[in-house]
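Sequences are here, hints too, so could you generate the full structure?
From first to last, the protein sequence lines are chains Y and X. Here the first sequence is numbered in my numbering, starting from 1 and rising by one per residue. Here the second sequence is numbered in my numbering, starting from 1 and rising by one per residue.
Please note that a few of the clues may not be correct.
[Said to hold, decoys possible] Which residues of chain Y face chain X? A partial, calculated answer using Cβ under 7 Å:
(1) Tyr33
(2) Arg43
(3) Gln44
(4) Met45
(5) Phe107
[Stated by the list, open to error] In silico BS3-like cross-links for lysine-lysine, where the CA-CA straight-line distance does not exceed 30 Å:
(6) X:Lys38 <-> Y:Lys78
(7) X:Lys41 <-> Y:Lys73
(8) X:Lys41 <-> Y:Lys109
(9) Y:Lys109 <-> X:Lys38
(10) Y:Lys109 <-> Y:Lys73
(11) X:Lys40 <-> Y:Lys73
(12) X:Lys22 <-> Y:Lys109
(13) Y:Lys109 <-> X:Lys9
(14) Y:Lys78 <-> X:Lys40
(15) Y:Lys109 <-> X:Lys40
(16) Y:Lys70 <-> X:Lys40
(17) X:Lys38 <-> Y:Lys73
I should point out that these hints are in silico values taken from the structure, not numbers from a laboratory. Just so you know, even glycine gets a beta-carbon here, dropped at the ideal spot from N, CA and C.
The lines below spell out each chain.
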Amino acid sequence: AQTVTQSQPEMSVQEAETVTLSCTYDTSESNYYLFWYKQPPSRQMILVIRQEAYKQQNATENRFSVNFQKAAKSFSLKISDSQLGDTAMYFCAFMIPPSNSGYALNFGKGTSLLVTP
Amino acid sequence: DTEVTQTPKHLVMGMTNKKSLKCEQHMGHRAMYWYKQKAKKPPELMFVYSYEKLSINESVPSRFSPECPNSSLLNLHLHALQPEDSALYLCASSRGGGTKNTEAFFGQGTRLTVV
Chain Y
1 AQTVTQSQPE
11 MSVQEAETVT
21 LSCTYDTSES
31 NYYLFWYKQP
41 PSRQMILVIR
51 QEAYKQQNAT
61 ENRFSVNFQK
71 AAKSFSLKIS
81 DSQLGDTAMY
91 FCAFMIPPSN
101 SGYALNFGKG
111 TSLLVTP
Chain X
1 DTEVTQTPKH
11 LVMGMTNKKS
21 LKCEQHMGHR
31 AMYWYKQKAK
41 KPPELMFVYS
51 YEKLSINESV
61 PSRFSPECPN
71 SSLLNLHLHA
81 LQPEDSALYL
91 CASSRGGGTK
101 NTEAFFGQGT
111 RLTVV
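Structure (structure tokens):
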């Protein structure tokens, strides 16, 4: 079974500062995908960033970047120049490509991020 | 159109009622999902449909009955629910079919309260 661990239930950062959210996972698979999803109070789950395990280069998406350490099974999210709109619950998620059964996500427990003025 | 639309947004039902949740997408995605999310918890997978066939059922009680009438629609029929079934029900879709485009798009959810 695959497990995803987010060890920081809550975090706070000031506007314009940088914050890093941690995520570790456990799997015996070699081919998998990792994601960070954001869920603001509006409840919509929004994809922030995606990383394919076979790619060594860390994914970046504007102010969001990851530090993917495959050997350590670590997948942290760095948010630069934090904005008030970044306030949300952030979920780390794991997916193993199936044969035909779709792509089911396995989520960590989440980190609640508060960005303060 | 990159939207997954869920209706209704809110639903209050009694334990003897029968109701349905609806999910619709027009992105040509062939995999659709139902997740259940309790407050301050991560989403938990309930069902996966791939090419309109049920491919994963995560031991969900039979009072939840999924249906995929066509590739754009996904329903969740509810009957004889319990108060502990109150939660946010999220629908999602993805390309599926073994492609590398694995991004799942989520709807805004239906907030269900069972009284």
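Inset, instruction - Quickly compare the C-alpha distance for lysine 41 of chain X and lysine 109 of chain Y to 30 Å and report which way the hint goes. - result: Roughly 6 Å between the alpha carbons, so the hint for lysine 41 of chain X and lysine 109 of chain Y holds.
Inset, instruction - Verify the proposed pairing of lysine 38 of chain X with lysine 73 of chain Y, using a straight-line Cα cut of 30 Å. - result: 27 Å, holds
Inset, instruction - Mind checking the alpha carbons of lysine 109 of chain Y and lysine 40 of chain X for me, to see if they're no more than 30 Å apart? - result: Satisfied, since the Cα-Cα distance of roughly 8 Å is no more than 30 Å.
Inset, instruction - With a cut-off of 30 Å on the C-alpha distance, tell me whether lysine 109 of chain Y and lysine 38 of chain X pass. - result: 11 Å, holds
Legend entry - Hinted pair lysine 22 of chain X and lysine 109 of chain Y, Cα distance within 30 Å: Satisfied, since the Cα-Cα distance of roughly 27 Å is no more than 30 Å.
Legend entry - methionine 45 of chain Y as chain X interface residue, shortest Cβ-Cβ below 7 Å: With Cβ-Cβ at 4 Å, under 7 Å, it holds.
Inset, instruction - Please work out if lysine 38 of chain X and lysine 78 of chain Y have their alpha carbons no farther apart than 30 Å. - result: Judged against 30 Å, a Cα distance of about 27 Å means the pair holds.
Legend entry - Hint consistency between lysine 109 of chain Y and lysine 73 of chain Y [alpha-carbon to alpha-carbon, up to 30 Å]: 17 Å, holds
Inset, instruction - With a cut-off of 7 Å on the beta carbons, see whether arginine 43 of chain Y makes it to chain X. - result: Cβ of arginine 43 of chain Y sits 5 Å from chain X, so the hint holds.
Inset, instruction - Please verify that hint: phenylalanine 107 of chain Y, Cβ, nearest Cβ of chain X, below 7 Å or not. - result: With a closest approach of 4 Å, the phenylalanine 107 of chain Y hint holds.
Inset, instruction - With a cut-off of 30 Å on the C-alpha distance, tell me whether lysine 41 of chain X and lysine 73 of chain Y pass. - result: 23 Å, holds
Inset, instruction - Tell me if tyrosine 33 of chain Y is really an interface residue toward chain X, meaning its C-beta lies closer than 7 Å to one of theirs. - result: Cβ of tyrosine 33 of chain Y sits 5 Å from chain X, so the hint holds.
Every hint, counting from the list given before, is met by this structure.
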